[in-house]
Amino acid sequence: MPRRNGWIPLNSLANIISYFFIVYIMLISMYTLLIFCLSFVGLLQHRLKEKFATPLEIRKAKITPPVSILVPAHNEEKSIAASIKSLLNLEYGEFEVVVINDGSKDKTLDVMKEEFQLREIRQDSNHQIPTQKVNAVYRSRTCKNLIVIDKQNGGKADSLNTGINICSYPLFCCIDADSILEKHSLLRIAYPYMEAYSTVVATGGLVRALNGCTVKDGQVQTVKLSKKLIVNFQVLEYFRSFLSGRMGFSALNCLLIISGAFGLFKKQVVIEAGGYRHDTVGEDMELVVRLHHMLRKQKKNYSIQFIPDPVCWTEAPEDIGTLGRQRNRWQRGLGDSLLFHIEMLGNPRYGTVGMVSMPYFFFIEFISPIVEYVGYAFFILGIAFGTVDVRAGLLFFFLTVILGVLMSLISLLMEEITFDRYNRIRDLLRLIAAAVIENFGYRQYITFVRTKGLYDYIRGNKSWGVMKRAGIS
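Start counting the sequence shown at 66; every next residue gets the next number (the working numbering).
Everything labelled a hint here was simulated from the structure, so no lab data went into it. A virtual CB, placed ideally from N, CA and C, is assigned to each residue, including glycine. Treat the hints with care, as some may be off.
What follows is a set of in silico ranges between Cβ atoms, one per label pair, in the way DEER data are often shown [stated by the list, open to error]:
1) S263 x R524: 24 to 34 Å
2) I497 x Q193: 47 to 57 Å
3) G530 x Q217: 16 to 26 Å
4) T264 x I445: 46 to 56 Å
5) L99 x R508: 37 to 47 Å
Derived pair list, reagent style DSSO-like, types lysine-lysine, alpha-carbon separation capped at 27 Å [what the hints assert, rightly or not]:
6) K198 x K178
7) K209 x K150
8) K533 x K293
9) K517 x K150
10) K170 x K150
11) K293 x K517
12) K281 x K517
13) K143 x K533
14) K281 x K248
15) K248 x K143
Using the sequences and the hints given, assemble the complete structure.
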């Protein structure tokens, strides 16, 4: 390479940088495709196993462990009644629903009092995890397995810890108040505990976008896509994240995320780990990473699993502002989860967690928004000033678009082969179109808000942000 006075010429340096971005995108592609392949094999194995473990067979076995369903609620007056009715109608053996009213300023508590005829009871808490003050505990006169806790506001993590302190059973399932579980979801997410209770410490289920679906009596009656393109982009993201990502990490026992919208945990192990942390906006992921950290240090034989067919339906953001605040918060929560446990990154002592999933989430999920965003800016400016080969810029953009479309189409194919929920031709065509369109504007916007989330994380921003929701009727 020609040099002048020891300096690399500007054009040559720019081309070196440009090919760094291209190689980075190619490495991401290879890593992601490997995880997708593992996910696909895992899905096929799960579907084969499922033939011998139908919900009816599971119920007949009469070995379902009792479960406490914890529902944190803050200003959920629009959807709380429908959510509770959905949970009370679940097909399961012994379970209780524990709703934690986290200092709501609307009529959330009043709605529950009227709808479920609540009466105040004395309920002792073991207070193994410190929480905000509990004002009162109620039990329903009409539904004996419904308990409502009214407490001072302390956030979602504090609400879950309060529920853990007061709930009765050895397993607890956390679910968002604006979500709906399918009737057999609890049976399916609990099945791994029936197979290997001593080793399974947590299981997570599949989350789908409720927008566009028909809901009646607290259950999804008809599955349809939303008419809003922004929601359909998120449907594809759910496919990529859950079916094509978490399934692969679960197969290697290095799953780092169980959605806060739907997860089942062994209570005593969570108490041993200290419960949910208050100093993060990503308390769901942080807890799972901490469980891995603790149990790997203790050299315990354990598993944390993703189960793809227990379905939880939840409202996806329908406006760009709410979506941006959500993804900003997710990025900050990811930063906490990784940096609180940075000791595991690249550390072979922590097995596949340290060598597979931690590097993936750090270098691809956490860092990649900056690399991609800087890459766009670099190529645009470089081409404009003539310092970057136009072909390199086009190759970078081509690779990012092709990778995005390919990942979405593979995920959609996996969904159709295994579950086929969106079985109308019209919906499939709209999803295929969305897989292409999302790469021209939507993806760049998500990259921007994730980059801003990283900036806000460095600044120490811990705010949750206002999440607009239509509510479940």
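Could you work out which of the previously given hints the structure breaks and list their numbers from low to high?
1, 5, 9 and 12
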